[in-house]
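Note that the protein sequences, when read in sequence, are chains C and Y. If you're matching positions, the first sequence starts at 1 in this note's numbering and goes up one per residue. If you're matching positions, the second sequence starts at 1 in this note's numbering and goes up one per residue.
Please keep in mind that the hints were generated in silico from the structure rather than gathered at the bench. Just to be clear, a hint being listed does not mean it is correct.
[Claimed, not checked] Below, in silico cross-link-like pairs of lysine-lysine (DSSO-like), each with a Cα-Cα straight-line distance of 27 angstroms or less: (1) C:3 x Y:119; (2) Y:324 x C:3; (3) C:3 x Y:112; (4) Y:70 x C:3; (5) Y:112 x Y:202; (6) C:131 x C:119.
[Said to hold, decoys possible] The following label-pair restraints were derived from C-beta to C-beta distances: (7) C:103 x Y:34: 19 to 27 angstroms; (8) C:159 x Y:26: 51 to 59 angstroms; (9) Y:192 x C:9: 49 to 57 angstroms; (10) Y:80 x C:28: 37 to 45 angstroms; (11) C:16 x Y:192: 24 to 32 angstroms; (12) C:43 x Y:63: 54 to 62 angstroms; (13) C:103 x Y:209: 54 to 62 angstroms; (14) Y:80 x C:9: 31 to 39 angstroms.
None of these values were measured; they are calculated from a predicted model. Glycine residues also receive a C-beta, built at the ideal position from the N, C-alpha and C atoms.
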Amino acid sequence: MRKILLYILIITTGIIFLSRLFYLQVVDTSFARLSENNAIKVVYDYPQRGYIFDRNGELLVSNQPSYDVMAIPRNVKAFDTAEFCKILNISAEDLVKKLDKAKIYSPRLPSIIIPQLTKSEYAYFQEKMRKYEGFYIQKRSLRDYQTKNGSNVLGYITEVNKKIIDENPYYISGDLIGKQGVEGYYEELLRGVKGVKYIQKDRFNRDIGAYKEGIFDTIPKKGKDINITIDGILQAYGEKLMENKRGGIVALEPKTGEILAMVTAPSYDPALLMGRQRSANFTKLYYDTIAKPLYDRGLLAEYPPGSPFKTINALIALQENVVTTEDRFYCNRGYAYGRGRKLGCHAHPSPLSMIPGIAQSCNAYFANVYRRIIEKYDTPQEGMDVWSNHLKSFGLGGYLGSDLSTGRPGKIPNAEYYNRIYDYPTYKWFSTATLSNAIGQGEILMTPIQLANMTAAISNKGWYYTPHILKKIEGQPIKDEAFTKKHITTIDAKNFEPVIEGMHQVYMNGTAAALRIPGIEIAGKTGTAENFAKVNGKKTQLTDHSIFIAFAPVDNPKIAIAVFVENGYWGGRYAGRIASLMVEKYLKGTITRTDMEDWILSHSLEDEYAKPYSGQPFSINN
Amino acid sequence: MNIYSASLGDAPSSIFDFSQTYGKQAVWIILSLVLIVILLSIEARFYMRFSSVIYIISLLSIAGLFVFGKTINGATSWYVFGGISIQPAEFAKVATALALAKYLGDIQTNIKLFTNQIKAFMIIAIPALIILPQPDAGSAMVYAAFLFPLYREGLSGIYLILLFAAIAIFVFTLVFGPIYVTLAVFAILLLSLFLKKRNRPKPLLILLIVLAAMAYSFSVDYIFQNVFEQRHRDRFNIVLGSEVDTRGIGYNTNQSEIAIGSGGWLGKGWTEGTQTKGQFVPEQHTDYIFSTVGEEWGFLGSSLVVALFMLLLLRLIMLAERQKSVFNRVYGYSVTGIIFFHFLINISMVIGIFPTVGIPLPFFSYGGSGLWSFTILLFIFLKLDSERMSFW
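Just chain Y, same shape as in the assembly:
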């Protein structure tokens, strides 16, 4: 449990770098401590019982954005009350995790059944689909994290393989073009045909898969070229290395790499980061917070942060695995999956191996909604864990 507080305790030290925002963030942190007390004092049973209600409320709140939402940085994902803006999508993740846990925890649910799979996917997809057009692709993408609890609870591995294959084909299509990708898929499948002695797939199936892959690959190419907006294309091109424009669209990634790279072994020291002070990296207190860590604390500091996240995540899986109830375990896996996705996508983006996607680094990035939602996410699980013996 000290791991959580350690990683949480890390948050202020980096956020203090920003005088103009750190005050606000300090308030959020103090409020989140109050929140923790409240969360821990609520009975665990409450979360399970009211998960449906919470889920519906949060769906309404994100749907309500289309009407009442305020647009900040091009995304209509905020409610503004006085001086405080709240991003309901952050909280929808918690609600979805609870709802999914409740559904899978139901004795009547068997995830191996197709109809149940559909229902589970619906629970995940509805909020994601509402968020996607706001547009907030980053937040929507995180919902893919719910595949982990589903897989853990018995969802066929085919889904994961398909998802992985889809991503792989997508990336390779952009790099090599659809024709080579189709040929490669065909070659891999033929190879598997010869290597596998037992349980060989039928040739017809292989043909179908190749055709599907081809269709997908060509459509990816088509969509990328014709449906995507230029800014999306640029983001991919920069990471894939096919385009270097360090002044325009590639500025973020380039400056972020410069900031991190200039940190060296030990960094420039707290508040001594020249890139941070010069505010060369846009959004450096939110999505690009890790570049500040890299510059000011160097390789030592940034690898410590990575290590802490890894420890936290591994610890969360262990905790999830020791849960007696399915509800708790699914929720635990959801928490792990969500934090893992944030960690994965955010840091990949900051160190230049993933396209720019607006997604915060848990417990580090500036933003009250984010901090609160992760606090809620985590501490509900802690509460569930602390009472794992007492009910059921």
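So here's chain C without its partners, still in its complex pose:
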């Protein structure tokens, strides 16, 4: 016992030590994490965000330095707060509150006291800087908008929220991220890749050099400059025309699917969502639930297309061989069907064949055509699905798949849909039950961009490229298959000729005869769509939407456009004028019909929009 006691003690001690070490170093990993936290500081180096140019190389969005006033609380000495507050335009209580907050966060580490000073604010403050010990300036890069237009196209930059940080490990608290529009969709392209530096700290939290001589550090990669397909001038002009109105304009280049302009009204200056006032401005825009300036009507608003939809019904009818261009149909101020039911129409010569039918937008003509399509087949279900599939080949009734951060599918009904709502087979339904589809009302919904794309497909006589907003990356044209692959419609090219001629006649002697552009052969179609809204919980009809589609020149289309103006009464009144002016602006560069321009600029629909909210009974379509 006397000889072995010490042996036993030594071996026991050794075993205890080894098991404790095993526990500390191998089993329990929480210490390793703690170590990373207290010894290594990660510093990020943010690259410049890529510039955004328009299709003609005009700079739309660049960067500007902004200056955050930082403070390290323990280093702050007594200073002249009154002067400080005056220079930086903040209240004394605010300053005290912010300094206290910074102190609570950490007395040794820097905190932002006043974010995002502009260059001129900074210049003034810098002169006095030396008086304020413990304060310093941290430079950041902010967006600098060279345009007041296209906020819906461009999107905006915001600080990442918790959800983004949790989902995407790239972002850390305080990082900026693009939201909506191009900034949102092409975030990764524009932002570049931030560089990272690992810095070894000592126990006083001081930097003592690069961690492992910087082998884990990375250099920031600059964001890529891009050209978008938008024509800056056309976009600006569209927004100007849409002032005091609500609605959307989408203009496409039919041969490429490039979006030339995408206007939503009302809109806002993109610079509002940047800098010191960002948060206040955003709140204001966000809570305007009546005008909804943040809602991109060009992409999101699903309207009944109205009469422009007739063109596509004509195409389907020709493709299905249910009418010839010579077939005439009578119209007696409308089309009577069933017992005492009638689809009304306006006064025009009768009977009409296809081309004047389109030009005069005769409801009775298209009611006949539509019935022939559906009734060609043994059951209305079969006919409905054939019709529906033709429409879907134009990119309707589903997401377009464009490179815009947002979108809506619209609605194109099919047999299954009507079976469901009419409770088939308990109840049967026939073509007449869906007759509103003939004139683009009823169950059909389309967004302005879908309508513009449909127009582009007609102008191309049967094909289109998916509309897209990105033109070039760092000067190189995009090669993305999604936007360089032709989509072919189910309609043969030859069937487009009479329809296009009909649309041309709309201008020559039809519903838009007053909107001709001197020297340009243009094709179009007016639309007037009934619409309803809930007013005090009751479904109430409001003034019709004014709708217009057009493309020009007819032989070699360079622009296809769709215009929606909410409650604009009839197609030619607002939308037709705007479409005509837009086409002229794009093709000629100048406006020859200044009286028409003045009319649009001087007419406001704000009174119309106020009606449902007035609480008073109101009349429509006047």
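Guided by the hints, dock chain Y onto chain C, whose structure is given.
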């Protein structure tokens, strides 16, 4: 013998981590090599003959600290000559080991006799009592290591049991309070009364022991609460888990655990320790050197160090056992006991199972006095061992 050099050779590799101190330490190491040569060239007989003189000189040197000593880190345990500071308490251990060996090696000494026990205890206790109020509780505590040679030479096991019981009661009193401890002692003794068939202890004796334990337990509680300073209380509380304050008093232990824990299996590599570089662990080049080993060399490295110490200690016992003379054996056991205590207390402290006590890890911690004293301690024994056949 290669074990010694292996463990010694290990020292520089870790100490090189500290550029600001490693140069000094390198000088000490080189000087200690010279010292080794000197030590090995002196005849073994010399150590035995002059042990009393050495003992008295070292007693004077530690007593002289009260007059000439310099206070570093709150302890007056240093003489400063020019830029060099020397800690005489480190060397007093060697002297005490020699003196104890000489006393026990004397043919007339029989440790089983009470008077001789008293004398032996005196030899150990005098330097310990001088060191304790400096204050250097860690160094003083090491003198308990001399119980091992005494026990080996025939001291009754009762002393060890009493010491162990005293420590156990001390710890349990702090954790559970004196009342439960008294009850537990009573229960254990009753149990032993029933289990033991022969040689039963007398009930009166049991009652006395229980009373003594109770008195001790209550006085521990009283002393802990009223006599100890707050910093001592805190140190115990942290290890006993009754208090967690990782920013104040618990900082050392917590940071040390973080450093070691972050090492993982293989460690972060030499000079790559983030905690070491950031100097998060205070005293990391002296008492907390093992945390650096743990962080930079991982479980593999730190368990290797533990294994080396174990091998060294076990080897030392074997060597001590093969000595022909009592002097050599007692000295050998003293060496083993001292190194074992340093190893035990230091690493327990670093890995958070023992209160913070300022005591270096032999051959690893920075400090010339420590390195030299362990070198002297060890190599005197080697010299004795090499001449074990030639005299007596």
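Against the structure, the hints:
{"no.": "1", "hint": "C:3 x Y:119", "result": "holds (23 angstroms)"}
{"no.": "2", "hint": "Y:324 x C:3", "result": "holds (15 angstroms)"}
{"no.": "3", "hint": "C:3 x Y:112", "result": "holds (17 angstroms)"}
{"no.": "4", "hint": "Y:70 x C:3", "result": "violated (42 angstroms)"}
{"no.": "5", "hint": "Y:112 x Y:202", "result": "holds (24 angstroms)"}
{"no.": "6", "hint": "C:131 x C:119", "result": "holds (20 angstroms)"}
{"no.": "7", "hint": "C:103 x Y:34: 19 to 27 angstroms", "result": "violated (57 angstroms)"}
{"no.": "8", "hint": "C:159 x Y:26: 51 to 59 angstroms", "result": "holds (54 angstroms)"}
{"no.": "9", "hint": "Y:192 x C:9: 49 to 57 angstroms", "result": "violated (23 angstroms)"}
{"no.": "10", "hint": "Y:80 x C:28: 37 to 45 angstroms", "result": "holds (43 angstroms)"}
{"no.": "11", "hint": "C:16 x Y:192: 24 to 32 angstroms", "result": "holds (26 angstroms)"}
{"no.": "12", "hint": "C:43 x Y:63: 54 to 62 angstroms", "result": "holds (56 angstroms)"}
{"no.": "13", "hint": "C:103 x Y:209: 54 to 62 angstroms", "result": "holds (59 angstroms)"}
{"no.": "14", "hint": "Y:80 x C:9: 31 to 39 angstroms", "result": "holds (37 angstroms)"}
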